[in-house]
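Spelled out, the chains give:
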Amino acid sequence: MSAVTARQAPEGVRARMPIVDPATAVARTRPHTSLAETSSQTFSMAWRALKKMRRNPEQFFDVTIQPLLFTAMFAYIFGGAISGNVTSYLPLLIPGIVAQTVLTTCMATGVQLREDMDKGVFDRFKSLPIARIAPLAGPMVADLVRYLIAAGLTFVMGVVIGYRPGGGAPGVLGAILLAIFTGWALAWIFTFIGTIARNARSVQGISMLILFPLTFLSNAFVPVRTLPAALAAFVKVNPVSHLVSAARDLANHGVISGEVGWTVLAGLAVIVIFAPLSVYSYKRHI
Amino acid sequence: MTTAASVCASGLVKRFGELRAVDGIDLEVRQGEIFGVLGPNGAGKTTTLRMLATLLPIDAGQARVFGVDVAREPHRVRQLVGVTGQYASVDEDLTATENLWLFGRLQGLRSADARTTAAGLLAQFGLEDAANKPLSQFSGGMRRRLDLAASLITRPPLIFLDEPTTGLDPRTRGQMWDTIRGLVAEGCTIMLTTQYLDEADQLADRIAVIDHGRKVAEGTPDELKTSIGNSALQLQLAEGADQDLAGQVVRRLAGREPVMSPESGRMTVPLDTADGAADVLIALRQAGLTISSVSVSKPTLDEVFLALTGHDTGDAVQSDESSRDELFMEAR
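Here the protein sequences come in this chain order: E and S.
Just so it is clear: in the first sequence, position 205 is 205 by our numbering, and no numbers are missing.
Just so it is clear: in the second sequence, position 268 is 554 by our numbering, and no numbers are missing.
Please note that the accuracy of each hint is not assured.
Claimed, not checked - Sample of chain S residues facing chain E (criterion: CB under 10 Å; computed from the structure): (1) Ala339; (2) Gly353; (3) Val354; (4) His361; (5) Val363; (6) Glu378; (7) Ala398; (8) Asp399; (9) Asp433; (10) Pro442; (11) Tyr482; (12) Asp484; (13) Gln520.
Hints are computed from structural coordinates only; laboratory data are not their basis.
Every residue gets a Cβ at the ideal spot worked out from N, C-alpha and C, and that includes glycine.
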């Protein structure tokens, strides 16, 4: 420490640095960030999020352990009851688990944003001349990696316990891409919650309240015809059901059905509503 | 252009619910000077700074930074200022180099340029040996320096420093002062907040004293000190002594208003020199007033406040951690 600090001297400062001229600085300022700058800033923020992920590997627990555990658990517990045996339940189950794990990953996006926002570094981000959306969108871009791991591992686990997707590799890939897009879109809801909640714990609480009905009141784990009429009505409009149906058509039959369209539409609607809300709330909040 | 104001604020107001944290403050910071904002905890120093740095919305009043309106064009103001907070606004999970590289990239530097700038700043701040260490191994002083370095990447002409030396040991504090003086020598303007009178005295060209969200005094350190006297005589009047009479005696003799606290019977008399104390004591005895204790000291921040505001500062010195809590309270 002493050797390090001894080198610091104002003389050195004066010699090395150019003289600051306010008039030139004012003339150089620009009124807005351009689209190119915004995307560059978003990717810089994504780089930061990826660095943090690598240094805190426990952040990957939810996207690795959950798909492995839930796939095996649901398959062996409900397989016999719902489809007669495990193997015939897997085509129904795997796309459901994909949707569920991707949604859980979304929730972590909001919780982590809130934790991050409470740190001093967010003050710096706010004081820099950068697009207000960059600190929000950056971590979400990095989270694409997490969605990929979650969705990919679920399929791998399924194949290990006997799932043979009829759609082949292209179908499975399509299902994974759709799940990643939907996850990224829905994550804006949780990002918004992250900007309005008082702390990370309350983000978790609110997110759970949204997450559970969304995943379980869908066709993710059981066929809709087994549900009472009122419940079935909600299940049919739930965007998660559309994702699950679309993923099943893709992975099991290699078919791009109309469900893909509904899923993408629902995802875009969420982005259009919640991205501006999140930026607005972020601007006001800290 | 050299005489134009770096910061020009009028009637700044910030409300947090019922509390008027900043209650109509006017400030003018000239180019190339170190302007100190002095005040106790919760006086509104940090809130004022955060408003000028676009970190908090301004509720009323107007502020311009180099002529650019803070409320109307925050994005342009952010290109002109660097902000260093009371606690490190750097990323704990990144190394020093990675932090500076990221902030450089975010401000439009190319990757290679951001790396060169980061290396240059780390060398300038004596941090090159710690460049690739995790921040958890950094001392408080090293963090502060990294934080200041992060504010200098684009060489902004105005730098806001929020309590730059709170919680630092005396040696590190002296180094921070040298660094700040070095920045001014390059043409930077510095606006800093502090709770320490000696810091304001050492560094600032001009000082604004803030209390309860209002500016109670402004001037050069010398002007402020003269206004409260170079020494202060503290008297504890004996029980039952006539405080009004004591006040009159002092006013007649010293030509200055003593600061009274009627409940405790204490009185502070500002003096030009410590010699004047004897005259005051003699005059009080001649008036038949009994004194139970006496002391003479240099004016402290407490006395500046007592003299300027009529109440004391509460706890003038406190830890980093509680500053941070205060900051959050103010920010919410």
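Each hint, compared with the structure:
no.: 1; hint: Ala339; verdict: 6 Å, holds
no.: 2; hint: Gly353; verdict: 7 Å, holds
no.: 3; hint: Val354; verdict: 7 Å, holds
no.: 4; hint: His361; verdict: 6 Å, holds
no.: 5; hint: Val363; verdict: 8 Å, holds
no.: 6; hint: Glu378; verdict: 7 Å, holds
no.: 7; hint: Ala398; verdict: 14 Å, violated
no.: 8; hint: Asp399; verdict: 13 Å, violated
no.: 9; hint: Asp433; verdict: 8 Å, holds
no.: 10; hint: Pro442; verdict: 7 Å, holds
no.: 11; hint: Tyr482; verdict: 20 Å, violated
no.: 12; hint: Asp484; verdict: 19 Å, violated
no.: 13; hint: Gln520; verdict: 38 Å, violated
Figure legend: structure checked against the earlier numbered hints; hints not met, in rising order: 7, 8, 11, 12, 13.
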